[in-house]
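Engineer: Spelled out, the chains give:
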Amino acid sequence: MSQTAIASGRAPVNFSARRLFLTQNLLTACIVGIVSGVVAYWIGAQLDTTDNGDAGILLGYLVGAAGFLIMLGFANDLILRLRGRPSASLVKSAERKGWTEYFGISLDHKVVGLQFAVGVTFMFLLAGFQAMMIRTDLLYPNGGPWPAGQYTTLVGLHGLMMMFVATLILIGAFGNYFIPLMIGAKRMAFPRLESFAFWLVPLGALILYSTIFAGFGGGFNTGWYLYAPLSVEARAGMDGAIVGFAFIGIAASIAAINLLTTIFVMRAPGMTWSRMPIFAWSMVAVEFLSALAPPVLATALIMVGMDRAVQSSFFEASAGGSAFLYEEMFWFFGHPEVYIFIIPAFGIAMEILPVFARKPLFGYRLAVAGMMGVSLMSWFVWNHHIFTSGIAPGLRPFFMTATELISIPTGVVFLALLGTMWRAPLRFKLPLLFVLALFFNFLIGGLTGVFLSDVPLDTTLHDSFFVVGHFHYTIVGGEIFALYAASYFWFPKITGKMLNERLGKLHFWTAFIFFNTTFLPMFAVGYLGMIRRSPVYASELHGLNVWISVNGFLFGFSNLIWLANIIYSWVFQKELAPANPWESRSLEWQVATPIPADNFDRIPTIVSGPYDYGDANARPVAEWPESGSIPSAVPAT
Amino acid sequence: MSTKRHLITPAIIAAIVAVIGDMLVVLVLHLPPGHATTAANDDTFTGQVFAIISWTVGAAVVTFAVYFIALSTRVRQDPPSRQVYLRSHVGLQSAWIGTSVVLVMFAAGLGVVALEGQTSPNLVVPAKALAAGADRNPLIIQVIGQQWQFTYRYPQYGGFETQQLRLPTGRLIQFDVTSLDVSHSFSAYQLAIKIDAISGINNVGYVYVLKPTVIDVRCGELCGLWHGYMTDVGPQAGRALTPSQFSSWLSYAESTYGPEETNLPKFSLTYFPAPTTY
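Chains as they are written, first to last, in the working numbering: chain A, 274 to 910; chain B, 531 to 808.
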C-alpha cells in the first residue's frame with residue numbers, strides 16, 4: 274500500500290477468487306446466510322407437527338440471519354476472547370481500506386454513519402415507491418389495479434419499511450456520524466455494536482421484502498400493527514414480517530445504548546451538559562425511549578411467533594388468550610416509537626437554526642427540558658391509540674389529558690424557533706428553508722393531534738384518513754424534512770462537496786408545496802369518513818382522492834430531484850467545499866474535510882457553548898492543545 | 531422601545547388574522563358528523579372549538595414567523611450595535627408555557643365533560659328528553675363482527691339476528707360489541723361512535739338518536755382480505771327510524787328472523803372462550 278493511497282484515504286484493492294470466496298466478506302456471508310437458512314428451514318419443517326410450516330420459516334430466517342452475521346465477522350472478536358487472544362485494535366488511523374470498508378464491518382463511526390445514510394435512504398425511496406403504488410390503487414373508488422390482498426400487503430410493507438427508515442435515518446446516519454464529532458470523541462463507545470446495528474437493517478429489509486414472494490408466504494395482511502389474532506392466523510408471509518420488524522427494534526435498541534453511553538462517558542474535557550449541542554441533547558432524550566421501548570415490541574412479536582409456530586395462544590381468545598393484550602403491548606412500544614421519530618428532528622432543527630440566524634438558540638435550557646419532558650411523558654400516553662378498543666373507561670380521561678399535556682413541552686420547541694428568529698439576520702440557505710418548512714408542517718401535524726387526543730372526537734376520526742394525514746404531517750413533514758435539512762447542512766462535511774443550490778431550491782419548493790397539497794386534503798377525506806387501509810371508499814370522495822394521488826406522485830418526484838442532486842453533487846461536481854461553509858461554531862465543523870480517521874489528532878478542550886453567535890466577545894468553542902494545523906475559531910457574526 | 535415594537539406589531543397582525551379566520555370557521559365550516567345523535571352533537575361542537583383553537587394558535591405562530599422572516603432583511607442592514615443577542619427571557623417563556631397550560635387544560639376539560647356525557651347511560655339521554663319522560667332503560671343491540679360482516683342481535687326481543695341495523699330515535703341504545711374472529715371496529719359514522727369488536731371481549735357504547743337518519747357502517751380495523759368491503763352503506767346502510775316505524779320493523783323482523791333462532795348459539799355477551807350471560 275503506497276503512502277499516497279493512505280493519505281487520500283483510498284487503498285488499491287486487489288481481488289482474487291481466493292480472496293473472494295475463502296475470506297469473510299459480504300459475498301461469503303450471503304452464501305452462508307442462504308445455505309444455513311435453507312438447512313434450518315428444512316430441519317424446522319421436519320420438526321413442525323402442524324401443517325402450516327411456520328416453525329420452519331421462522332427458524333430459517335433466524336438461523337440464516339445468524340449465519341450471515343457470523344460470516345460477516347461479528348463473532349470473530351468473541352471467539353478470539355474466548356481463546357484468550359487479544360481482539361482487534363480499535364485504532365483505525367493506519368488501516369483505511371477504501372471503498373470495500375463500506376461493504377463489511379467497520380469500526381469507524383463515520384463509515385457506519387454513511388452506511389446508514391445511504392442504505393436507509395435507499396429503503397426510503399423504495400418504501401416511497403410503494404406509497405405511489407398505494408396512491409395508484411386509490412385513484413379508483415372501488416378497488417384499483419391491485420387485488421385486495423396485494424393492496425393490504427403493500428400498505429403493510431410501506432408502513433413497516435417506513436418504520437425502519439423513520440426509526441433509523443436520523444439516529445443511525447446523523448447520530449452515529451456526528452455525535453462523536455460534536456462531543457469531541459474519537460469513536461463511539463461500542464464500535465462493533467454500532468456496525469451490528471447497521472447490518473441488521475439490510476438484513477431486516479431483505480427479510481421483509483422476501484415475504485412478497487409466493488414461496489415465502491405471499492405477503493401479509495395486517496398493516497404494520499400486526500394486530501393479533503389476525504397476525505396469528507395470517508399466511509406464512511407474516512413470519513418474515515415478524516422477524517423483519519423485530520430486527521428494527523433490536524437495531525434501534527442497540528444503537529440507542531451505544532449513543533447514550535458515548536454521550537455520557539466520552540465527552541471531551543470542558544464539554545459540560547450546558548455546552549453540549551442541542552442535537553446531542555436530542556439524542557439523550559430520544560435514546561432512553563429507543564433503548565427501552567423496542568424490547569416490549571420484540572416480546573410481543575416473539576409471542577405472536579410462538580402463537581403461530583407452536584400454538585401457544587397468548588392472543589387467541591378461543592383458547593383463553595387475549596387479543597387486547599397485543600394491542601396494549603404494541604402501543605406501549607408504539608407511542609414512544611413516534612417520539613423516537615420526531616425528537617431527533619427537533620434536535621436537527623434547533624441545531625441548524627442558530628447557524629443561519631446568527632443568534633444564540635433562544636431558551637436553550639428550556640428547549641432541552643422540553644425534549645426531556647416529551648421523552649418522559651411519552652411513556653404515559655400510549656392508550657390514546659386504543660381509546661375505542663375497550664380500555665377501562667376510567668383510564669380514558671387520564672390518557673386524554675396526558676396526551677394533551679405533551680403538547681406543552683413540544684410547544685417549547687416552537688418558542689425556541691420564534692425566539693431565535695426574532696430580529697435575526699437570517700441567511701436563507703437551503704438547510705434553513707427546510708427547517709422553516711419543518712416547523713410549518715409540524716405545526717399542522719401537532720394541532721391536528723389535539724383533535725385525535727380528544728376521546729369523543731376520536732371515536733369519529735380514529736382509523737380514518739384524518740389519522741393518516743396527522744402522522745404523515747408529523748413524520749414526513751417533521752422528520753423527513755429534518756432529513757432533507759440535515760442532508761443539505763452536513764453534506765459538505767461528509768463528502769467534501771456542496772449540494773447544488775439550484776437543484777436544491779427546486780427540490781425545496783416542489784417538496785414543500787406538493788407535500789402540503791398531498792396531505793392537507795387527507796384531513797378532509799378522513800373527516801368525511803374515509804377509513805384507512807381500505808382499497809374502496811365512498812364515490813363522493815373520488816375527486817379528492819385523485820387530487821391527493823396526483824399531488825402524491827409529484828411529491829414523490831421531488832424526492833427524485835433530491836436524489837439526483839445528491840448523485841450529481843457527490844459524483845460529478847468537481848468543486849470542493851470549504852471546511853466550514855456555514856460558519857458554524859459547532860465542533861464537527863472545526864475539523865478538516867475529509868475528516869481524519871480518528872476525528873481529532875488532539876482532543877480539544879471545550880471552553881464555551883456552541884451557539885454564541887452575534888456576540889463579538891464570544892470565545893472560540895474549543896481550544897486545541899497546540900494551535901496550528903486546525904482552524905479553531907470562527908468569525909463571531 | 532423598538533425591540534418591543536417588533537413583538538407588538540406581529541401580535542396585532544396575528545390577532546387580526548386569527549379573528550378573521552375564527553369568524554370564517556364559525557360561519558362557513560360545518561364539520562361532520564352532523565347532529566343525528568347527542569354524541570354527534572358533541573363531536574361537531576368539539577371539532578368546531580378545536581378548529582378555532584388550532585386556527586388561532588397556528589395563525590399566531592405563522593404570523594410571527596413570517597413577520598420575523600420579513601424583518602430579517604432589515605435587521606441585516608443594522609449596525610452591529612443595534613443587533614440583539616438574546617439567550618432567554620423568563621417572562622416570555624413563562625407566558626408561553628402559561629398560555630399553553632391554559633389551552634391544554636381547557637381542551638382536556640371539554641373532552642372530559644363530553645366523554646362523561648357519552649359513556650354514562652344516565653347522561654347520554656338529554657335532560658330535555660328526560661324531563662319529557664324519556665326511557666332510561668336501554669334498548670340493547672349486540673353487534674357481532676366476523677370476517678367480513680357485521681350482524682346485529684336484539685336480545686330483548688328473543689335474540690334474533692339480522693344483517694341490517696335498525697334502531698329507534700328517542701330511546702337510549704346500548705351497543706354490546708364483540709367479535710367471532712379477528713379484531714374489527716364497528717364504526718357508525720352518523721351516530722359518531724366507533725367501538726372495536728374483539729373476540730372474548732364485550733365492548734359497550736351508548737347512543738341516543740335525535741332524528742331519523744341513514745347510518746353508514748364500516749369496519750374500522752384492518753381485519754384481513756376483504757376489510758375494505760366490510761361495509762353497510764348505500765342500499766344496505768343502517769337506518770334510525772321513528773319509534774312507530776321501528777316497532778313495525780321489529781314485528782316484521784321477529785316473524786322473519788325469529789324462526790331461525792334455533793340455529794343460532796344462545797345469546798351471550800362473548801362467544802369465546804365460553805359463553806357468558808347477563
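Keep in mind the hints are simulated off the structure, nothing from the lab.
Honestly, I wouldn't trust all of these hints.
[Said to hold, decoys possible] List of simulated lysine to any residue pairs, SDA-like, C-alpha gap at most 20 Å:
| # | chain 1 | residue 1 | chain 2 | residue 2 |
| --- | --- | --- | --- | --- |
| 1 | A | Lys-702 | B | Lys-534 |
| 2 | B | Lys-534 | A | Arg-696 |
| 3 | B | Lys-534 | B | Pro-651 |
[As the list claims (entries may be wrong)] Here chain A is said to cover these stretches of chain B; the calculated rule only asks that three of the stretch's residues, wherever they fall, bring their Cβ under 8 Å from a Cβ of chain A:
| # | region |
| --- | --- |
| 4 | 554 to 565 |
| 5 | 652 to 660 |
| 6 | 663 to 673 |
| 7 | 678 to 691 |
| 8 | 694 to 703 |
| 9 | 774 to 784 |
| 10 | 791 to 798 |
All residues carry an ideal CB built from backbone N, CA and C; glycine is no exception.
Engineer: With reference to the structure, classify each hint as holding or not holding.
Structural biologist: We went through each hint and held it up to the structure:
For the hint linking Lys-702/A to Lys-534/B, the alpha-carbon distance of about 28 Å lies beyond 20 Å, and the restraint is violated. At roughly 11 Å between alpha-carbon atoms, Lys-534/B and Arg-696/A fall within 20 Å of each other, so this suggested pair holds. Distance hint between Lys-534/B and Pro-651/B is unfulfilled; the C-alpha atoms sit about 54 Å from each other, more than 20 Å. Residues of the region 554 to 565 of chain B lying with their CB closer than 8 Å to a CB of chain A number 3, which satisfies the three-residue condition for coverage.
With 0 residues having a Cβ less than 8 Å from any Cβ of chain A, the region 652 to 660 of chain B misses the three-residue criterion, and the hint is violated. Counting residues of the region 663 to 673 of chain B whose beta carbon lies closer than 8 Å to any beta carbon of chain A gives 0, which falls below the threshold of three, so the coverage claim is violated. Counting residues of the region 678 to 691 of chain B whose C-beta sits closer than 8 Å to any C-beta of chain A gives 0, which falls short of three, so the coverage hint is violated. For the region 694 to 703 of chain B, the proposed coverage by chain A is not satisfied: 0 residues have a C-beta within less than 8 Å of a C-beta in that chain, short of the threshold of three.
Remark: the region 774 to 784 of chain B is not confirmed as covered by chain A, as 0 of its residues place a Cβ nearer than 8 Å to a Cβ of that chain, below the required three. Closer than 8 Å: that is the beta-carbon criterion, and the region 791 to 798 of chain B has 0 residues meeting it against chain A, so the requirement of 3 is violated.
Checked against the numbered hints above, the structure breaks hints 1, 3, 5, 6, 7, 8, 9, 10 and satisfies the rest.
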